[in-house]
Amino acid sequence: MEAVIIDSGGANLASLQYAFERLGAKTRVSADAQEIAAAPRVVLPGVGCAADAMERLHRGGLARLLPSLTQPVLGICLGMQLLFERSAEGATECLGVLPGEVQRLSAAPGRPVPHMGWNQLDPSRADPLLAGLEPDAYFYFVHGYAVPAGELTVATVDYGGTLSAVVRRGNFWGVQFHPERSAAGGARLLGNFLTL
Amino acid sequence: MRFRDHRVVGDIMELASRYRDEGADELVFYDITASPEGRSVDRRWVQRVARVLDIPFCVAGGIRSVADAEAVLNAGAEKISVNSPALADPGLIDALSRRFGSQCVVVGIDSRLTGQGYRAFQFTGDPQRTRESGRDVLEWVREAQQRGAGEIVLNCMGSDGVRRGYDIEQLHAVRRVCQVPLVASGGAGEMSHFAAVFAEAGADAALAASVFHSGAITIPELKRELRSAGIEVRL
Numbered sequence: 001m002e003a004v005i006i007d008s009g010g011a012n013l014a015s016l017q018y019a020f021e022r023l024g025a026k027t028r029v030s031a032d033a034q035e036i037a038a039a040p041r042v043v044l045p046g047v048g049c050a051a052d053a054m055e056r057l058h059r060g061g062l063a064r065l066l067p068s069l070t071q072p073v074l075g076i077c078l079g080m081q082l083l084f085e086r087s088a089e090g091a092t093e094c095l096g097v098l099p100g101e102v103q104r105l106s107a108a109p110g111r112p113v114p115h116m117g118w119n120q121l122d123p124s125r126a127d128p129l130l131a132g133l134e135p136d137a138y139f140y141f142v143h144g145y146a147v148p149a150g151e152l153t154v155a156t157v158d159y160g161g162t163l164s165a166v167v168r169r170g171n172f173w174g175v176q177f178h179p180e181r182s183a184a185g186g187a188r189l190l191g192n193f194l195t196l
Numbered sequence: 001m002r003f004r005d006h007r008v009v010g011d012i013m014e015l016a017s018r019y020r021d022e023g024a025d026e027l028v029f030y031d032i033t034a035s036p037e038g039r040s041v042d043r044r045w046v047q048r049v050a051r052v053l054d055i056p057f058c059v060a061g062g063i064r065s066v067a068d069a070e071a072v073l074n075a076g077a078e079k080i081s082v083n084s085p086a087l088a089d090p091g092l093i094d095a096l097s098r099r100f101g102s103q104c105v106v107v108g109i110d111s112r113l114t115g116q117g118y119r120a121f122q123f124t125g126d127p128q129r130t131r132e133s134g135r136d137v138l139e140w141v142r143e144a145q146q147r148g149a150g151e152i153v154l155n156c157m158g159s160d161g162v163r164r165g166y167d168i169e170q171l172h173a174v175r176r177v178c179q180v181p182l183v184a185s186g187g188a189g190e191m192s193h194f195a196a197v198f199a200e201a202g203a204d205a206a207l208a209a210s211v212f213h214s215g216a217i218t219i220p221e222l223k224r225e226l227r228s229a230g231i232e233v234r235l
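Chains as they are written, first to last, in this note's numbering: chain A, 1 to 196; chain B, 1 to 235.
Looking at chain A on its own, in the form it has when it is part of the complex:
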């Protein structure tokens, strides 16, 4: 078993499991604190609302466990946002693993919100999670909230401002896009995660 996918109660864990399955990797979906603590790698997915997701993590005792993990952790989309201190989505206190705040994207003509679609990344620094990616690879984004680029940002995406597409501090990584639905580039990134 190469990674545990945290069952945070949201839907859409299957697509992530299938993406790892296509890489030949075995994963388990779990909400069990012991199993998560013992996993070689942990994925925090997230589809839904920040407040709901945090409530579920608190209920299962995972909100306390997650910041203490020392193995590689990958937050995806809402899962990445939950790693920060708080989210403007429902004024939610999040896990606080990473400093900063998740902000609402604002719509403008030619720039609808949610941001939905395929974008290229602009790397800010080298990181093993992005190793070997084609420079022109596109990734699938679908989100209404985002973290502005900051010092933990590894790669940015431009959508009405420079947003964090990939962040990292120590053993915690976060990606705003959905690697499990980002064709070859996404598969490469998830494959990289399995080598961390």
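If you're looking for bench data, these hints aren't it; they were derived computationally from the structure.
The structure displayed is predicted, hence computed values, not measured ones.
Just so you know, even glycine gets a beta-carbon here, dropped at the ideal spot from N, CA and C.
Residues from chain A that keep clear of chain B, each with C-beta distances beyond 10 angstroms, as calculated:
id : residue
1  : G24
2  : K26
3  : S30
4  : A37
5  : P40
6  : R56
7  : A63
8  : P148
9  : Y159
10 : G161
11 : T162
12 : G170
Footprint (simulated), chain A over chain B, 3 or more residues, beta carbon under 8 angstroms:
id : segment
13 : 49 to 57
14 : 96 to 103
15 : 180 to 188
16 : 199 to 208
Starting from the known structure of chain A, fit chain B onto it as the hints suggest.
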């Protein structure tokens, strides 16, 4: 992709893989007879499709409740699209977006110009039961967004199946009241139609079925054409 029942799952898998390999950015699966027949769909194919697709996909048809939507999303779909059931019970949009977030709630609208302007139609999967919903399309687009729709797919019935191009005028009118992604549907027949709907109607995405199924247009050549017209696409 429009299909009627599980007997064609083999075709669905084949088409899904083909479009994935050709570089489609998203697939939408329509079970167009689900709503008029008042049934939910056999969803086993969703899981099979989710296993092979590494691009996002949306399931439309017969989703009448949070539980229906949950089954489809848990099986691996990114988005669910509601049309007739949302017209019957607009609160469904609120319930779905509260539970799953706006980003996976698509509201599909079948629209046609009538003497009263653009009107939304229900049960368009069955010509016998198709009926005008009593709703003005522009009003409905506004309301759907307020209720939490994260995307609008506007299927212009007047141009659907005719292959003479998207209904630019109508899409442009909807664009002006639509702050969420707007997907154009109905009317694609030539590659120039796609370029026009992006440039002239301001659509965020264009959906087409028959021109791709028949091979009249292939996705790689379409994308190259769009790129050379200055429209950013994933190649």
